[in-house]
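In our numbering, the protein residues as written are 1241 to 1433.
Treat each hint with caution, since some may be false.
[Claimed, not checked] Taking CB as the label site, the calculated pair distances span: (1) R1427 - D1394: 36 to 42 Å; (2) A1290 - I1324: 31 to 37 Å; (3) G1328 - P1359: 43 to 49 Å; (4) G1327 - V1383: 18 to 24 Å; (5) T1309 - L1331: 20 to 26 Å; (6) R1423 - L1379: 20 to 26 Å.
Derived by calculation from the structure, the hints in this document are not laboratory data. All C-beta atoms in this analysis are idealised placements derived from N, C-alpha and C, irrespective of residue type, glycine included.
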Amino acid sequence: LWMFGAVMMVYVGVEIGVGGGAQPYLERTTELSPSAAALATSGFWMALTASRLLIAVIGGRMTSALVLTLSIGIAAFSGVLLAISTGGVALSVTAILLAGFGFGPVYPTIIVVLTTLFPHAPGKAASVGTVMGGIGGGLIPWVQGILLERASPDASVMWVGGGMIIMLGLWLFVRRASHSYARARDREQVAAA
């Protein structure tokens, strides 16, 4: 449960970091006007929304674990693109849009996985995930802003890109551990019956 919370903490933090930090990042590192940078930021949120709609339509054909692996993998790839894109309009905007697309299914799918994996306490599981997400949403963008103001746009975007890669590593670890937990829980239920 706490490992899923860690994934949720990093996810919410980097999602808010990209969504909130894209405009100042683009304004400082590219020739985009404030309105064009704002449009790219809006594109992030539209891509996030579009991917949530898409997964609602096709998600029933995939396992939740596969949805999360693909989504978090796309987000991690976008983090690498973002980290190497400083100064490049096309690559920076592409990375931001791709991040939104990757992030879309993550939150709702983690909540589904948590409530399924912990059927004896689904409210507690969802609450822990949500609280951990709130902690990440408060801390990660705050550090990102400090880096943007006091260090450089590169340091700021490396922080967020690194978070996306860490999120992927955490998820892959949690995925393996949750499979072991589910198998052990199922064996206990069979033995009890």
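Open item on the list: If I claimed the Cβ atoms of T1309 and L1331 lie 20 to 26 Å apart, would that claim hold in this structure?
Closed with: Cβ of T1309 to Cβ of L1331: about 24 Å, so the range 20 to 26 Å holds.
- [ ] With 20 to 26 Å as the target window, see if R1423 and L1379 comply at their CB atoms.
- [x] violated, 34 Å
Open item on the list: If I claimed the Cβ atoms of R1427 and D1394 lie 36 to 42 Å apart, would that claim hold in this structure?
Closed with: 50 Å Cβ-Cβ, so the 36 to 42 Å window is violated.
TODO: Could you see if the CB distance from A1290 to I1324 stays within 31 to 37 Å?
DONE: violated, 25 Å
TODO: Starting from the hint 18 to 24 Å, judge whether the C-beta atoms of G1327 and V1383 obey it.
DONE: Hint holds: Cβ distance 22 Å, inside 18 to 24 Å.
TODO: Return holds or violated for the Cβ distance of G1328 and P1359 against the range 43 to 49 Å.
DONE: With Cβ atoms ~47 Å apart, the hint holds.
The structure fails to meet hints 1, 2, 6 from the earlier list, while all remaining hints are met.
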